[in-house]
Amino acid sequence: MATRADARRLLLAIAGAILVGVNVVLVAPGLLATFRLAHDLRAPSRDERHRAVLGDYYAAISDFNGRIPANAGVALIPQHATERDVAMLSVYQLYPRPSRVFWNVGDWLRNQHDGADRTTPRPEWLIIFDLSQKRPYRLLHAEGNSLREVASR
Amino acid sequence: MMAAIAMAFLWLVGMVGLLAQLAGTAGIAVGRKLFAVALVIAIVIVVMRWRSFATRVLVSRAAALTLTLLLLPVVITLFFDTAITPLRDYDGRVTWMLKARAIAHEHSMSGPFFQGKTSRDAHSHYPLLMPLAAALPLEFAGEQNESAARAVYALTYVAFLLVLFRVLCVVGGDMAAAVIVGCVAWLPQFAMEIDGGMLSAYSELPLVAFTTLAIAAILDADAIALGFSLACVTCMKNEGSVIAAVLIAIAVMQRPRMRRVLIAAIFPAAAMLVLAFWRRSIPLEHDENYPHLAMQLALKLRNYPEAARELLGRMLHVHTWGVFWFASIIATATGIATRSRRATTFVLGGAAILFVYITSYAVTNWTIAELAMSSANRLLMHLVPFAAIVIAEAVARYTAIGNVSS
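Note that the protein sequences, when read in sequence, are chains B and C. Per my numbering, the first sequence starts with residue 1, numbered consecutively. Per my numbering, the second sequence starts with residue 1, numbered consecutively.
By construction, these hints were calculated from the structure, which means they are not laboratory data. Wrong hints could be hidden among the right ones.
[Claimed, not checked] Derived coverage of chain B by chain C (criterion: at least 3 residues anywhere in the stretch with Cβ under 8 Å from a Cβ of chain C; other residues may be distant): (1) 39-50; (2) 98-110; (3) 115-127; (4) 136-150.
[Unchecked claim] Label pairs and their in silico Cβ distance ranges: (5) C:Ala337 - B:His80: 49 to 57 Å; (6) C:Ile330 - B:Val25: 18 to 26 Å; (7) C:Ala270 - B:His80: 43 to 51 Å; (8) B:Val105 - C:Ala333: 54 to 62 Å; (9) B:His141 - C:Ile5: 36 to 44 Å; (10) B:Gly66 - C:Phe79: 31 to 39 Å; (11) B:Ala28 - C:Ala337: 28 to 36 Å; (12) C:Trp50 - B:Ala43: 36 to 44 Å; (13) C:Thr367 - B:Gly66: 35 to 43 Å; (14) B:Ala72 - C:Ala64: 54 to 62 Å; (15) B:His39 - C:Ile5: 42 to 50 Å; (16) C:Thr367 - B:His39: 34 to 42 Å; (17) B:Ala33 - C:Arg309: 31 to 39 Å; (18) C:Tyr90 - B:Val105: 23 to 31 Å.
[What the hints assert, rightly or not] A partial selection of chain C residues facing chain B, derived with a Cβ cut-off under 10 Å: (19) Leu87; (20) Val94; (21) His105; (22) Thr118; (23) Glu143; (24) Trp186; (25) Leu284; (26) Ile330.
Just so you know, even glycine gets a beta-carbon here, dropped at the ideal spot from N, CA and C.
Next comes chain B alone, as it looks inside the complex:
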């Protein structure tokens, strides 16, 4: 005959199953997708894996990074608020190349980037982020008073 203690244990077991079960139902599909993604990416090269996961901005920044002279600084200029995150993430991708985020070309002209230290001259290379355009990423080089666009590969 079941005692009160048995009933309590049964209740605890049900509570435990709900506690874990709800999470398993919520997480399992995503966990499986994460596993599958890693499984599918195990063969490609490091660069291909990054392109596949991080999207077209990674490919564009990689291309630009190869065209800019070593150690030259870069100004990252998002044209709209929606491109700010991509600009900031590009700092990580470009590191150790010095890179600064400017909120517009006017700020770049005044060397008013989003950091505190303004003692370093403004970069001569600019990456413009504009997702509303056909070419969302453009590399420009400052030559005298004008900006020359550097053609992509």
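Let chain B serve as the given structure and place chain C on it in line with the hints.
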């Protein structure tokens, strides 16, 4: 045994991070030599303290099997993702891992990057324990080897789960511990959330891991271990200072005879001094000056209801937290009804931390809703070890009542 290895790993990570922080603040190059010396010192200390990690906790075969079955899918996916898939969270790349790469590149935590002279150093005053620990594999495996640095985060997460299991075994028994740890491992916020979860390189989960290590030290009445873990908690994130203060209060309440709590308190106090000294040489960038904002508290009292709603309301989001916080509320009621000193202490501790977080929302210059959207769930993660203990304690009380009445 696994919990002992997990504790040893956390000691290695924490010790390397603290020693590098100390050396870096003193102006010593944080390069391969320093990391090698720090690692050797850490290994020696871990070997000397092995007995304290290997305290025997009886675990039945059923509980061990339950824990293994629940953790295995999560851990396999985590390691697979860490080894192959690129990092794809936001602050991991914009803040934490970028700092680790800068340390590995400049062999310094006060170099040009941290002076704001080269690239964007987001939140320049954030404590650097995890970036320093992650810089160790980068120093030896190459600065671009993201997976090597991420391995430190992945192993720290697994260590957290195992140390939590050990803590909960002491509080609520092995089977309750296995189920609660399984629940925590499968929490959507932990297992799937790209920003702050186990797949990210945020300092959130390491902070939770060292908080749990400190709780283990409180239960073991080990003042040195408590002091060490609290120093790590303090050097992990800004919120660590608040958590360390609360854990010291809990240690005092849990162990009234533990006079050595005062000795333990010296460690985080020293860590805060080292941090303050380092911060003097680093310009403040992309961050709010919370001590300054706190001075305006009187003017922002009317923000409290909104701040509380934004933070506490997220506890009820089932798609992010499952029914974990509902269970915590029931466990809190059980703990108070059964006059559990331990449950009451940890509930008060968690409430104190929540109050400070709500205050930080109330005084912020950001829009509260916007700040909550990007940080509330991550802040709630810090409270998970507290809630897990309260749940385990409730299970223990409930079972004990059953045993008595039958």
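Consistency of the hints with the structure:
1. For the segment 39-50 of chain B, the assignment as covered by chain C holds, since 5 residues bring a beta-carbon within under 8 Å of that chain's beta-carbons and 3 suffice.
2. For the segment 98-110 of chain B, the stated coverage by chain C is satisfied: 4 residues place a CB nearer than 8 Å to a CB of that chain, which reaches the threshold of 3.
3. Here's how the segment 115-127 of chain B fares: 5 of its residues keep a CB closer than 8 Å to some CB of chain C, so the rule of at least three is met and the hint holds.
4. For the segment 136-150 of chain B, the proposed coverage by chain C is not satisfied: 0 residues have a C-beta within less than 8 Å of a C-beta in that chain, short of the threshold of three.
5. A hinted range of 49 to 57 Å for the beta carbons of Ala337 (chain C) and His80 (chain B) is consistent with their spacing of about 55 Å.
6. As the Cβ distance of Ile330 (chain C) to Val25 (chain B) is approximately 20 Å, the hint placing it in 18 to 26 Å holds.
7. Between Ala270 (chain C) and His80 (chain B) the beta carbons are some 47 Å apart, a value that agrees with the proposed interval 43 to 51 Å.
8. Look at Val105 (chain B) against Ala333 (chain C): about 60 Å separates their beta carbons, and that is inside 54 to 62 Å.
9. Between His141 (chain B) and Ile5 (chain C), the C-beta spacing of about 54 Å breaks the proposed range 36 to 44 Å.
10. A hinted range of 31 to 39 Å holds for the C-beta pair Gly66 (chain B) and Phe79 (chain C), which are about 32 Å apart.
11. Look at Ala28 (chain B) against Ala337 (chain C): about 35 Å separates their beta carbons, and that is inside 28 to 36 Å.
12. Hint check: Trp50 (chain C) to Ala43 (chain B), Cβ distance near 41 Å, so the stated range 36 to 44 Å holds.
13. A hinted range of 35 to 43 Å for the beta carbons of Thr367 (chain C) and Gly66 (chain B) is consistent with their spacing of about 40 Å.
14. With their beta carbons about 57 Å apart, Ala72 (chain B) and Ala64 (chain C) fall inside the hinted range of 54 to 62 Å.
15. A hinted range of 42 to 50 Å is violated for the C-beta pair His39 (chain B) and Ile5 (chain C), which are about 28 Å apart.
16. A hinted range of 34 to 42 Å holds for the C-beta pair Thr367 (chain C) and His39 (chain B), which are about 41 Å apart.
17. At roughly 33 Å, the beta-carbon separation of Ala33 (chain B) and Arg309 (chain C) lies within the given 31 to 39 Å, and the hint holds.
18. For Tyr90 (chain C) and Val105 (chain B), the Cβ-Cβ distance of about 25 Å falls inside the hinted range of 23 to 31 Å, so the restraint holds.
19. Look at Leu87 (chain C): its Cβ gets to within about 9 Å of chain B, closer than 10 Å, so that hint holds up.
20. At a threshold of 10 Å, the smallest CB-CB gap from Val94 (chain C) to chain B is about 5 Å, leaving the interface hint in force.
21. Annotation: interface hint on His105 (chain C) holds; nearest CB of chain B at approximately 5 Å, less than 10 Å.
22. Against a cut-off of 10 Å between C-beta atoms, the interface hint on Thr118 (chain C) holds, since the closest Cβ of chain B lies about 4 Å away.
23. Restraint check, Glu143 (chain C) versus chain B: the minimum CB separation of about 7 Å is within 10 Å; hint holds.
24. Checking Trp186 (chain C) against chain B by beta carbon gives a least distance of about 4 Å; that is within 10 Å, so the hint holds.
25. Given the 10 Å rule on beta carbons, the hint for Leu284 (chain C) holds: about 7 Å separates it from the nearest Cβ of chain B.
26. A cut of 10 Å between beta carbons decides the hint on Ile330 (chain C): the least distance to chain B is about 9 Å, and the hint holds.
Hint compliance for this structure: hints 4, 9, 15 are broken, all remaining hints hold.
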